[in-house]
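Student: Sequence lines, in order, name chains W and F. Throughout the first sequence, residue numbering follows this note's numbering, covering 1 to 198 in sequence. Throughout the second sequence, residue numbering follows this note's numbering, covering 1001 to 1624 in sequence.
Rather than coming from a laboratory, the hints here were simulated on the basis of the structure. Check the hints yourself; a few may be wrong.
To be verified - Reference listing, derived: stretches of chain F covered by chain W, where coverage requires no fewer than 3 residues with Cβ under 8 Å from a Cβ of chain W:
#1 1253–1259
#2 1347–1359
#3 1578–1591
Note that the Cβ used here is the ideal one computed from N, Cα and C, for glycine as well.
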Amino acid sequence: METKRLVIVAVGGQGNLLASSVLGEAALLNGIPLNMSEIHGMAQRGGVVESALVFGDARSTIISDGEADVLVGFEPAETLRALGKCNADTVVISNLAPLMPFTVNIGQGVYPDLQELQKLIRSKTAKLIAFNAAALAKEAGNVLAVNMVLLGALIQTDVLPLTAENVKEAMKRKTKQQFLDANLKAFELGFDEAAKAA
Amino acid sequence: MMHKLLTENPGERMLLLGNEAIARGAIEAGVAFTSTYPGTPSSEISLQFFQISQESDLYFEYSTNEKIAMEVAAAAANAGVRSMCVMKHVGVNVAADALMTLAYVGVKAGMVILSADDPFMFSSQNEQDNRYYAKMSGLPLVEPSSVAEAKDLVPYAFDLSEKLKEPVILRTTTRINHSTGVVELREIRKRIPRGDFIKDPLNLVTVPAVARKLHIKLLENYDTAQEIAETSQYNFIEGKGSWGIICNGVSYNYVSDAIDELNIKDKIRVLRLGFSHPLPPKLIKDFLKDCEKVLVVEEGEPYMEDAVKAFAQEEALTLPIKGKSKELFTRLYEYNPAQVRQCMVKFFGVSYAPSEVIDLSDVPPVPQRPPTLCAGCSHRATYYEVRKATEGMETIFPSDIGCYTLGLLPPLSAADFLICMGSSVGTSGGFSTVTDKKVIAFIGDSTFFHSGIPGLINAVYHKHNFTLVILDNGTTAMTGHQPHPGVDMQKLNMDGYGIVSIEKVVRAIGVDHVTVIKPYKVKKSIEAIKESVNYNGVSVIISEETCALYANALKLPKRKPFHVSDTCKDHKDCISSLACPAFYIWNDRVKIDANLCTGCAVCAQICPENAIRPVKSEAQAQGH
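Just chain F, with the same shape it has in the complex (with noise of 0.2 Å):
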């Protein structure tokens, strides 16, 4: 069945999420040259395209990290091919350097890069707002307020990148990625997916001299970008009352909804700016001459209230314009329609009663659902075997991006430092200089290959002290189980692919000391660790086991789950240590959930009394 973002039939209306909808934006927009570094909330847009790429002539590559996804999509532009990148907020971060010079080179083809913002952090370390990336840059970016109006401003992105010369940032949020909208579909234009290079390195070669003549082209377009802004459709005033609003993206929503909820709408003046880097002046100094006082509505940081402070202060306007303050809107993490009502409320000083908040204070305390690692995750093994190989030493664990952060919380206790993707084998550098303590670090497969091999080149270089433990599950797992370079995928039945070694890298690399563990085999495991620990210098150990969910994907044959059998002592070490999530107790016992476990073995190994055993008959697993 052909992929249903293929879809030939303009008009017809569909319901999408709206990673969904971004995706046949694309599509319709006759993109041609597709890359990513797998980020929530973005995840699904990059899923599409791989699946598209399955069956057309569509290019799509899961790229090593997101510069080298921008950088692949930046080339495939300036040979005359539509592109697209796609990326987290802080995917740009590692980006960037390719960004800001981008900038000035410029495209041929219509290049869009997306960037997709989490506020309130629902699956990231930070909730910055990438507007700034933006002014920074000097690009044009825009902005969806709906699933709908996301789909369309994506073909509008590769329009206005074509006719400025150079790449149009999309950003999105996470409350435009993971809503569900209904969608018009228009017609898709056909994708051209080769192109040609010619030679003009005095435009595209960014030594000084070249980049002196750059900036001043990146500058004219942007002036020509906001003369665009003035007019664009995605630039709108709704209403004609004095008291004024400007808001973006989801925010333009919750005001909607609370100016028919407060029925306030002949005195309220909507500017809904979606185009919003570089924003434009003259419509909004307009604006402000027709209000009596302003509210700047946006999540994140103050981008535009900032702005449109000093164009009221070019025009000499005085009135009120208020957004982030202590009163009014935060800046922390998302908002919600009831939020942005009750500011508008307060600085507008419309009555309104809200319906009334039950009363909570009498309910118990639910008891919490963390995530947690999977019932039968190897990381779960390694974290247990390097705690046991370290007993009685003082260690510091700086940790990286992946499922296995979840091992931070008790008993496993195996996260103590993170900033960023990488960031696990470069800190360890640092701790391992300036105190006593062991150091060792956790890095995921597909996250030593996205930034971890510069941070060993370093420690191997400088002669740090640590050891780097690679979880190596075969597969980019938090974000839904992408490749990447070390996977074999002409076992997921895929040609075209060349495979990397890990193992290979690391010893290229100098490190001396390298070990391979299989972590469903504990003993032997926690004797390597030992070894491995004890060196001194940098050393590494790749343990490979494939994750659990991800087996469970591709099928592969399952293994008999476990019991706990009558020989029990009741010691509880085994949900005391590992606190694997297929374990529960029953009449203060503990038992396995046979739908669970995944049978590893792990448990059975340290229990004293070898009471865990393979499930045999029906009653066992049942618990019995």
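For reference, chain W alone in the conformation it holds in the complex (with noise of 0.2 Å):
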């Protein structure tokens, strides 16, 4: 089975872990190998969350740099950051809402310019979907599910073996019930959102 590597980054909070047991589930209920990996960086205390998922027969639960055949960032500027970890064939798709870094906020650093940055990435790789996640995920009716959307828009692309019915039922399994109904609304808008970049 061909192996395909994925990253994702976010902030702590953002949701990327439990994104990635929806995944990890999905795959499992398909039988499709999978190995994957974290780094919290101190998640709760506002660090940066990362995220490897190898799908296929590889061993290695980590991606190298310029490895990555998709790249899904919860923040903008954390897929810049991230960037390292993709090549020219590798797929992006990137939440446009911003959370300001700590360091940006007491004037440490300066946060890089949105169109700027979608021009870069773009450049640089196969392919850039990038759109207001938050915006999407207040229209499914939970500002938290930023998470259910992007993977919306990552299952739309077709790089990974899963389909969106295998993602729905993984959600189903893996997210709280109470939040269901949004969360699968959220998946449905950042997957149209992806097909319209299309």
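Mind assembling these two chains? They're in different frames, but the hints should get you there.
Tutor: Next up, the structure:
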């Protein structure tokens, strides 16, 4: 089975680990081999959370620089920071709603210009799908569903050996019942948004 | 709902975090007694044990430190109960005194010691390679390459321990602990939580005459373990080529993937060592004889490489054997697949064009997101107050291991020296003896219990001159809010626990000047700190306030958030002296994010214009 490598980057609290666990469950349900690993980076204390998911027969649980087939960034500056994981064939999906790093808030850094950021990523990779996932999460009825919006966009690209049905089934098992409808809606909105970008 | 790791359904496949898989492996092995001192990357293992112990006859304790965790488990195993103690790599240093002689005494029932090493130091102060503890103690060591293997190695280690009648070390690295993979459940062996201790002082009390005899037994066990390692299923050879690779742990994964990617399966022969102490000499020597050249791939120190070279010498083999060198593998940090592949390409002379790395030279610097003390963290308040109280004084701030170490960066700049758990207190005695600066040490509550107390006794005894600030936030915060002896477990609805008062301990040690402060009361705290730091001798300040994250998790009543009102004259004292992450700048004005603000009111107390006020309207919560 062909190996596909996915890197997800997010800021602590954005639900990266839940998104990874939904994808993991979807792979398990479909008998697709998967290894993954997480670096929490003291997530609860404002750090960055990075997940690596390797689908297929490879044994490694981490992804070297330049070797991601897909990069999903839950936050635009974090997408840019993780650009080193990409190569010219990588598909990149990014939320465009910034979460200001504390260093910027206290004047110790400049947040990258969002237009410039998209231009840069687009020029170096195969494809960039970028949109305001926070707005779509709100529209779906759960501001915390940014992760599910981006999962929808990810599945639309068809890079991973998973279908929308697989992932929705996994969402039913892995996400809280009370948020399920909003999460499924968020997934759909993200899926449709990525289709528009195609 | 039953804990998922207690599922009795052999054959079921489950997606588990490495640490969950290890806990499941222990449950399958019938472990009945478990202990730990929490430490990343091992913490989730004990979290599972803690939860399982709430609903079964499994015994679990958060011990005061790793030495005690090992001692309680050693006793259980000597009374015939299968036991496991879990710690991070540096925790084994704390437990090493127990470990080295427990190796002599041995066990009656199986005992597994889990050492979670942390190459790259994702959350540790060093990246020591604990395979050397096996070598130094003479105990067997096994190490997995995958999550599934981690689970299966636990019952194997228990059986091995019972066979040899000595503890077995299970060594992991962060990439095992924090990876997730599919495991297949096996049957759960029945737990036997009660045992008996049979007196046998001439084998169990290590006076010199007994120890001399026990050392002979340890060396005999070593020989037996070596024989078992020769045929262990965890030491295996793959491939029939003449290019040899010897590897362990996660390196095996990177080697396997590289062999596929480089398409060199026919040329390569891999020896994966999962039972890596004692190393199997015959297996390794025979492997070497079949190879033209050998590359040793192991993160950390050249533990296997040195041994392999010695085995080659014994057989007068002169084939090239390489591992750590300037051209090939480093002793630094964790490895990654591309790095291992590149070293294989270089050593074996394979042609390979890696996918082109993209040019990042025109990517602007991305602002950092360093982990920082949380909004409303009481440590920030205490640090600010100590800095205020000591304005104009020359100070040294020895620090300790915990969240509060995050106060090392400006503007708090509240950490000057740190080596290990408890070192704040011990080093303060040295600094205050040889310098004229005022020494103020910081230690957390859990760390104080762990290893701060002997240092404090030493200071009182030797009449050292420093102030110790005990940052008591009521939990072991950094590793995920585990309890410690100072926590009132009744409040958590948990029976069967005592409670140890930090203040009473400090007074009983004989510290004459003891002050308790509430750090959210800024002015009062500064006054109290001033008095304490001016005391000549050992003084202790206990700064009591619940961890803000923990308070949130416990759903304690919330305080109202604050906002910056129009009377703000833009001094920015708040932001420049506290640097709380709830602040942000909007149109050049300081604002407070009402979602992050915990209402600690520390900034409100230091604003010269009294411009920071409780939120009373939705508009104010929005920063207007």
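Student: So, for every hint listed, does it hold in this structure?
Tutor: Status of the hints after comparison with the structure:
Judged by the Cβ-Cβ criterion of 8 Å, the stretch 1253–1259 of chain F is covered by chain W as claimed, because 4 of its residues qualify and three suffice. Remark: the stretch 1347–1359 of chain F is confirmed as covered by chain W, as 6 of its residues place a Cβ nearer than 8 Å to a Cβ of that chain, reaching the required three. Taking a C-beta to C-beta cut-off of 8 Å, the stretch 1578–1591 of chain F contributes 5 residues in contact with chain W, enough for the three needed, and the coverage statement holds.
Checked against the numbered hints given earlier, this structure breaks none of them.
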